[in-house]
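Protein chains: 2
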Amino acid sequence: MLKATSAHLKSLGLTGPGLIIDEARARTNIRDMADKARRSGVVFRPHFKTHQSPAVARWFAAEGVDRITVSSVRMAEQFAETGWRDITIAFLLNPLEAPRVANLAAYLGRKGGRLGVTVDSVAAAKAAAGLDVDIWVKVDTGYGRTGVPWDATSRLDEVLAAIDRPAGLLTHAGQSYQARGHDEILEIHTRTVARLAGLRPGLKISIGDTPCCSTVPEFAGVDEIRPGNFVFYDLMQLQIGSCTENRMAAAAVCPVVGLYPERNRIVVHGGAVHLSKESLETGGRRIFGRLGTLHFPAGGRNIGLGGILDEAPVVSLSQEHGVIEGDGAITGQLAIGDLVLVWPVHSCLLGGLQDNVTILA
Amino acid sequence: MLKATSAHLKSLGLTGPGLIIDEARARTNIRDMADKARRSGVVFRPHFKTHQSPAVARWFAAEGVDRITVSSVRMAEQFAETGWRDITIAFLLNPLEAPRVANLAAYLGRKGGRLGVTVDSVAAAKAAAGLDVDIWVKVDTGYGRTGVPWDATSRLDEVLAAIDRPAGLLTHAGQSYQARGHDEILEIHTRTVARLAGLRPGLKISIGDTPCCSTVPEFAGVDEIRPGNFVFYDLMQLQIGSCTENRMAAAAVCPVVGLYPERNRIVVHGGAVHLSKESLETGGRRIFGRLGTLHFPAGGRNIGLGGILDEAPVVSLSQEHGVIEGDGAITGQLAIGDLVLVWPVHSCLLGGLQDNVTILA
Chain V
3 MLKATSAHLK
13 SLGLTGPGLI
23 IDEARARTNI
33 RDMADKARRS
43 GVVFRPHFKT
53 HQSPAVARWF
63 AAEGVDRITV
73 SSVRMAEQFA
83 ETGWRDITIA
93 FLLNPLEAPR
103 VANLAAYLGR
113 KGGRLGVTVD
123 SVAAAKAAAG
133 LDVDIWVKVD
143 TGYGRTGVPW
153 DATSRLDEVL
163 AAIDRPAGLL
173 THAGQSYQAR
183 GHDEILEIHT
193 RTVARLAGLR
203 PGLKISIGDT
213 PCCSTVPEFA
223 GVDEIRPGNF
233 VFYDLMQLQI
243 GSCTENRMAA
253 AAVCPVVGLY
263 PERNRIVVHG
273 GAVHLSKESL
283 ETGGRRIFGR
293 LGTLHFPAGG
303 RNIGLGGILD
313 EAPVVSLSQE
323 HGVIEGDGAI
333 TGQLAIGDLV
343 LVWPVHSCLL
353 GGLQDNVTIL
363 A
Chain C
3 MLKATSAHLK
13 SLGLTGPGLI
23 IDEARARTNI
33 RDMADKARRS
43 GVVFRPHFKT
53 HQSPAVARWF
63 AAEGVDRITV
73 SSVRMAEQFA
83 ETGWRDITIA
93 FLLNPLEAPR
103 VANLAAYLGR
113 KGGRLGVTVD
123 SVAAAKAAAG
133 LDVDIWVKVD
143 TGYGRTGVPW
153 DATSRLDEVL
163 AAIDRPAGLL
173 THAGQSYQAR
183 GHDEILEIHT
193 RTVARLAGLR
203 PGLKISIGDT
213 PCCSTVPEFA
223 GVDEIRPGNF
233 VFYDLMQLQI
243 GSCTENRMAA
253 AAVCPVVGLY
263 PERNRIVVHG
273 GAVHLSKESL
283 ETGGRRIFGR
293 LGTLHFPAGG
303 RNIGLGGILD
313 EAPVVSLSQE
323 HGVIEGDGAI
333 TGQLAIGDLV
343 LVWPVHSCLL
353 GGLQDNVTIL
363 A
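Protein chains in written order, with this note's numbering: chain V, 3 to 363; chain C, 3 to 363.
What the hints contain is simulated information worked out from the structure, not anything from laboratory work.
One thing to keep in mind: the hints can contain errors.
A pair counts as met if it fits within one copy or between any two copies, since identical chains are not told apart.
In silico DMTMM-like cross-links for lysine to aspartate or glutamate, where the CA-CA straight-line distance does not exceed 25 Å [what the hints assert, rightly or not]:
{"id": "1", "residue 1": "Lys-38", "residue 2": "Asp-357"}
{"id": "2", "residue 1": "Lys-5", "residue 2": "Asp-136"}
{"id": "3", "residue 1": "Lys-5", "residue 2": "Asp-134"}
{"id": "4", "residue 1": "Lys-128", "residue 2": "Asp-185"}
{"id": "5", "residue 1": "Lys-113", "residue 2": "Asp-134"}
{"id": "6", "residue 1": "Lys-113", "residue 2": "Asp-185"}
{"id": "7", "residue 1": "Lys-12", "residue 2": "Glu-79"}
{"id": "8", "residue 1": "Lys-206", "residue 2": "Glu-189"}
{"id": "9", "residue 1": "Lys-128", "residue 2": "Asp-357"}
{"id": "10", "residue 1": "Lys-113", "residue 2": "Glu-264"}
{"id": "11", "residue 1": "Lys-128", "residue 2": "Glu-83"}
{"id": "12", "residue 1": "Lys-113", "residue 2": "Glu-220"}
{"id": "13", "residue 1": "Lys-128", "residue 2": "Glu-313"}
{"id": "14", "residue 1": "Lys-128", "residue 2": "Glu-247"}
{"id": "15", "residue 1": "Lys-206", "residue 2": "Asp-329"}
{"id": "16", "residue 1": "Lys-206", "residue 2": "Glu-160"}
{"id": "17", "residue 1": "Lys-38", "residue 2": "Asp-329"}
{"id": "18", "residue 1": "Lys-128", "residue 2": "Glu-264"}
{"id": "19", "residue 1": "Lys-5", "residue 2": "Glu-79"}
{"id": "20", "residue 1": "Lys-38", "residue 2": "Glu-220"}
{"id": "21", "residue 1": "Lys-128", "residue 2": "Glu-65"}
{"id": "22", "residue 1": "Lys-5", "residue 2": "Glu-186"}
{"id": "23", "residue 1": "Lys-128", "residue 2": "Glu-283"}
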């Protein structure tokens, strides 16, 4: 299968590090999440930081999505340029960027759209107060990164007092990334919603992490969902239990540049700048990705991404090099100059591949 | 000092994540390495993958450098476009890129320059044989990543037999990154040179890692050096013992977006996409950077990068967020919207900041 994978990737004219997206899988991921949001009657405002791609953005539009989330002012500007009109920046407002935010808000306003920002302090709330934007208050429901702690009620009072008409309460339950399996994920989701529900009746509630949004059968007690990672999923989501292998929709394509069967190693052009040094612990070791293959349906059409070769993990990354472990059964199939697929640990951190994207349609 | 640092960075018009380079420090680093190479009578062919900046490249040119090293064909093309004529790609040749390499070699040849490539297999040697390039054979002197193992003499024979006139033997003693202190570094250097020296008398020898190149008093037994990281150094080089704090020449500038004195945390806009998730172990914990300050000389001129705040490490990174630990003495000096400096663990992995660079001259 490694030989056939390489041959097909070469037939597409690929030569070096790049990103492969399986359109059918990504569209399935998008459709399922959009359907669940629709059934639950909540706003689906997907996070676009994962793909940052105008092409993938159109697949969301095809499912009726017209409101999006981004994680920086720059990303908001970029998607505004490609026609998106209703954008929430779900990253704490940097007061130094207030003039730039005002400019973007005015642009979106002229187009009939709307910009949302996020704050968790009186200082940022005051900086946002002068802008024509929706202001969401970030609440920390247990992740411990940013947000007003859900039980710090007087601090929440102070922040809300600095805002004329808050858009609502927004959280990212990033603690779900520590969960393993549906039960643990659902427990986190239930606790997250409970911690927000009683805080300020009447204010909208927006939640956002992929593990919870992927796992709950329907959304109750919230008004909006903002997952992002689910469009591609990845090895980390698979480990958490938010997806199955056949939902993983993005992989790196890397050329084999070194083969060392005597020590069970393959070296590819595909390093920290391509995959990021994001890692996961599995079986007592740290890995940075896994080798994968294409899927060749009978009939030879609709070739897409396939499965994982569990026995071939990426065991180290330097700036441009990826080192993959593989015994003779793996190395024996490969030659210098072959192309392989590498499943990433975290698909949100593939920015270094974004100028070389291939879509398997 | 944090207040003054923020005020000065704001006075430069900075607002968001960016890279700050201290020109005086970087030029000192370049000059010292160039001088040592000159004294030792070896070719100084610095690796440009660390900075990837035309501006920094000119500081090398000012020290007489006209031969450079890069780690990809694309990087070679980029520096060729800005006038560099003698370039070695010190990354194993990907045979699929042979046409692109041929094209670049022809371009450099027309300009009176020369392209070098690196191989460690018969397959890659054959792919290179048809090109008008210098062919270096990569030797593994103990790092264990790529290269013909120094003691695999028959394999070296096979690779050399496939090359008409090899340019020489090239190694990267990356094992020096595991060393701590001058003695351990020098031991690795001595062993590296010894392993290459006897291999093929008459062939040139090129070495490249920053710890060894920074530490040896002079270069004996080699013909060329290719360090890269030394231009900026970083926390990892400081931990290894290759540099002193006042040689570190590049830091990230990040806005404070969240302040949580109740749990000794500061959150900045500066995450994995900016600093990379490269980490180091220190005092039993994993850190991703450290807070820093500017240096304000008496008289108010020549403001440059300053020192490290050891008590304020970056304890976690997500895509856009950096989480810094700091007690009341740190958080008490900071406000939302202040700018801070973050020293990186590995200055070669700051590509996400390269479109927003400020030079302190």
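- Indicate which option fits the pair Lys-38, Asp-357 if close means a Cα-Cα distance not exceeding 25 Å: within, between, both or neither. neither (32 Å within a copy, 39 Å between copies)
- Message: At most 25 Å between CA atoms: does that hold for Lys-128 and Glu-264 within a copy, between copies, both, or neither?
- Response: The answer is between: 22 Å across copies meets 25 Å, while 63 Å in one copy does not.
- Query: Is the C-alpha distance from Lys-5 to Asp-134 at most 25 Å within one copy, between copies, in both cases, or in neither?
  - Reply: neither (56 Å within a copy, 30 Å between copies)
- Since the copies are identical, ignore which copy is meant and state whether Lys-128 and Glu-313 lie within 25 Å (CA to CA) inside a copy, between copies, both or neither. neither (54 Å within a copy, 31 Å between copies)
- Go through the copies and call it for Lys-128 and Asp-357: within, between, both or neither, with a Cα cutoff of 25 Å. Neither: 38 Å inside a chain and 30 Å across chains, both beyond 25 Å.
- Query: How do Lys-38 and Glu-220 come out at 25 Å by Cα distance, when the copy is not named: within, between, both, or neither?
  - Reply: Classified as within: same-chain Cα gap 6 Å, cross-chain 67 Å, threshold 25 Å.
- Homomeric proximity label, Lys-206 with Glu-189: Cα distance no greater than 25 Å: Answer is within: at 22 Å inside a copy they meet the 25 Å cutoff, but 64 Å across does not.
- Intra- versus inter-copy proximity for Glu-79 and Lys-12 (alpha-carbon distance at most 25 Å): For Lys-12 and Glu-79, the Cα distance is within 25 Å only across copies (22 Å; inside one copy 36 Å).
- First find the shortest C-alpha distance between Lys-38 and Asp-329 inside one copy, then the shortest across copies, and answer within, between, both or neither for a cut-off of 25 Å. neither (43 Å within a copy, 44 Å between copies)
- Alpha-carbon proximity between Lys-5 and Glu-186, which holds within one copy, between copies, both or neither at 25 Å: This pair counts as neither: shortest intra-copy Cα distance 40 Å, inter-copy 43 Å.
- Please work out whether the CA atoms of Lys-128 and Glu-283 approach to 25 Å or closer within one copy, between two copies, in both situations, or in neither? neither (42 Å within a copy, 40 Å between copies)
- Task: At 25 Å max between alpha carbons, let me know whether Lys-113 reaches Asp-134 within a copy, between copies, both or neither.
- Result: within (14 Å within a copy, 56 Å between copies)
When each numbered hint is compared with the structure, violations occur for hints 1, 2, 3, 4, 6, 9, 10, 11, 12, 13, 14, 15, 17, 19, 21, 22 and 23.
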